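Enquirer: Chain by chain, the residues:
There are 2 protein chains.
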Amino acid sequence: MGQRLEALNEHLTRVIDLRRATSVLDWDQEVYMPEEGAEPRSQAQATLTTMAHEIFTSDTTRSLLEAAEAEVADLDFDSNEASTVRVARRHFDQETKLPTAFVTRESKAISRSFMAWRKAREADNFSAFEPHLREVVELQTEKASYLGYTDHPYDALLQQFEPGMTTAQIETLFGDLKAGLVPLVKEIAARPSVDDSFLSLPYDTQKQWDFTLLLLRGIGYDFRRGRQDRAAHPFTTQFGNTDVRVTTRTHETMPQSAIFSTVHEGGHALYELGSPDKFERTLLAGGSTLGLHESQSRLWENQVARSLPFWHYYYPILQAFFPQQLGNVSMTTFHRAINKVEPSLIRVEADEVTYNLHIFVRFELEKSLLTGELKVSEVPEAWNARYKEYLGITPPSDADGCLQDVHWSHGILGYFPTYTLGNLMSAQIYARALQEIPGLEEGYSRGECAPLLNWLREHIHKHGSKFTGPELMQREFGTQISAQPLLAYLRAKYSELYDL
Amino acid sequence: MGQRLEALNEHLTRVIDLRRATSVLDWDQEVYMPEEGAEPRSQAQATLTTMAHEIFTSDTTRSLLEAAEAEVADLDFDSNEASTVRVARRHFDQETKLPTAFVTRESKAISRSFMAWRKAREADNFSAFEPHLREVVELQTEKASYLGYTDHPYDALLQQFEPGMTTAQIETLFGDLKAGLVPLVKEIAARPSVDDSFLSLPYDTQKQWDFTLLLLRGIGYDFRRGRQDRAAHPFTTQFGNTDVRVTTRTHETMPQSAIFSTVHEGGHALYELGSPDKFERTLLAGGSTLGLHESQSRLWENQVARSLPFWHYYYPILQAFFPQQLGNVSMTTFHRAINKVEPSLIRVEADEVTYNLHIFVRFELEKSLLTGELKVSEVPEAWNARYKEYLGITPPSDADGCLQDVHWSHGILGYFPTYTLGNLMSAQIYARALQEIPGLEEGYSRGECAPLLNWLREHIHKHGSKFTGPELMQREFGTQISAQPLLAYLRAKYSELYDL
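Just so you know, the sequences run in chain order R and G.
Residue numbering for the first sequence follows the numbering used here, beginning at 935 and increasing consecutively.
Residue numbering for the second sequence follows the numbering used here, beginning at 935 and increasing consecutively.
Treat the hints as calculated values from the structure; they're not laboratory data.
Hints may be right or wrong, so weigh each one.
The list treats identical chains as one, so a pair stands whether inside a single copy or across any two.
In silico lysine to any residue, SDA-like type, Cα no more than 20 Å apart, as pairs [to be verified]:
1. 1212 <-> 977
2. 1212 <-> 1368
3. 1274 <-> 1057
4. 1212 <-> 972
Owing to the predicted nature of the structure, the values given are computational and were not obtained by experimental measurement.
Please put together the full structure from these sequences, using the hints given.
Expert: Now the structure itself:
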């Protein structure tokens, strides 16, 4: 490594350490902090975040970055050196383009809007949230103008979460996906409903917990480098590739919630744990874009843990944990139940087939809010009309409609598409894994997940956060992100399950 | 508050937030960090500690401090303003007197010496630790010369932990105490031994845990502002007065370990929880010197939780938790057992009476190591000779002798006396509480500890870290630190228990 890049990396270790420390504070806040501990905690979080921002956007960083850019100018795009500088530049530009006064204004507005949203959702009162959502949309429009864009203000916001993708590309992908999904949902809806009533019996939550630990070990999660705790909203967090922690929640009468949330977070964690040692404490460490991250969590959750071979191995174990509830339920019945397709109101509870329809609604509304085509006051109506169109159901209330997600109240627009991008890439990646790993799914029925993990290490994880989604898909699989593999996977799987 | 002091306080909030964040990282490391997480954790800790040190010792701090000193020059010594500046000056001088090169050298030597000590203790091999201890003594001698002293190099080191106390004062106090303790120990040793065999039966550790939670609530610990977790070496930590956490450990065949460690840490925690809101996020927040802190933990552990009235209330509850082990053991027998006096080798397991003898040994050796009167190679012999003299027993090995404590391996000299100072002050404070609170101990037998806590809030906790030990004792009780109250307390208590 050249000495200028080395100087940049050395300088940025402080930023990285401050961010890691902040992540520990965040984790603790969600998992163990006593209820009255919020005030000193938010002070410390704000101080560390501000200090990291100050160092990262300082003139020192600017000159070290410029020097490093000159130094790596002739190096290959894919080299670690050029990639470090490229990623640093992307983050530097994003963090410096926003005027400090704007960031302060935004952060205050978001605090207000989050509190208003919580109350509005509880009271099912959209109009109490409306002025705040209007402010959020105005601020995000302003933010887009600072960040800059050519075609659509949505591009600017999207870049924060999914660099390398444009709004136009997503429109095409979502159009393809919608064209395949809508008829599939209709065909499934025409079939007899699946019985999953046994999933509503009481399941001892401690036993559920023990089973999720066993699942984590089974997919290759390393408890010497992580741990699982309980959290109201499950998440994964990391402080280096030797300390990657997951969380889950247990509901007594919904055992599938803990099971799939654990495997989902486990998928995120395996990605972070697979980040190469050589990237540690640099900007290349850890998983890449949100879409790529979601591709890993969704792949383990859906393609693996909702497959029949996986339960060949795990279902007898689950039955041994819960003989009263599952002793007389066949594996096939159980497998059908955990894959039941049913248009529903709430995104986070949606099945694999209908999930992306929820995303389309949000993507379309966000775009037209930014261009001004849609007024904030029209959101509930527009939301409900699309749910009727895509899912065939109408939310009985805004609380179960346009007020359900936290994102907008946090000032986040441009984020939702990354969920579907993750689903698309998970199917593309998994299709390739099936081709390349002999007897992959047969292995699951013997509890063997290591071949898949090793293959993901080799094709995805080893790149850390070097590449964007499209860059990685191109390099590893010679392909672009596309809707066909997901559609093919869903059609094959559900044709069998629903006898289409 | 004057605007210059306000500017100083505002400037130091970053230091305080960085330290609080570091405390969260430390807590997590002891309690929940996965085994492989050490490397990124130590990097983040080092970065945050360095940044706090840089800001605190910066020229900015120096000029803000000087300006604030001028501003508060005419204010009363006891005012919050003058106290803030006085405490800031003390810390500033301590942190700036040490050359950076020395701090780096010391920190490296300590890492080596800690690792060497662990191995040496395990192998019972003092000579493996000897060169490291020699280096520690040399470094601490050098440190004393940087920190400065008039009479004895020990004064310089002591100031770090117990500002306001001198070596000469401690010698006098310890002399008085020794004169009273040695004959008391001999008188007790001449009496029939106490039967505590029932404390070696197996006690379910989960039930022990549940009982300690009940004790914490009982003494007034507020779980909305704290929590208890397990740790190998129990400690208390705080991130502001709304998040003060304790830890404990359970041993299956030693239930008194968890019980008294919990109440001890609970005492530390009540002190921190009682720090006034107006001091939050300033240098006056939290408990004061180590001796004052120990006075609070020891008071709750010994004067309260080893008293008979306390067990009037809690013993029936403990019996209900453990009917098989304690159902046939009378309260009097139990109370004698938890107050059994027996000269022993290990400080942390010592009873109330012999505990301070362990401290004398360390204090005397440390002093003569610093003056060069004692050579490091002579430590084991000198240690054993003093144990023979004060406690009447000779360690069979250095592992159970001069290698038992971690402090020296961490480069800490001048710390041990604060344990005994805490014991002395706890007795002085408690004697006053008994005078001032009608029916204090009678209240324990009904589970009432609130009168004591409120009284401590009013006389000790409300001062935060404004005063040193001698300053506080003078202001609140018009007295100096003295050995007589502890001796009187011990003689009265053990005369009754041992029928002297």
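Enquirer: Of the numbered hints stated previously, which ones are contradicted by the structure, given in increasing order?
Expert: 2, 3
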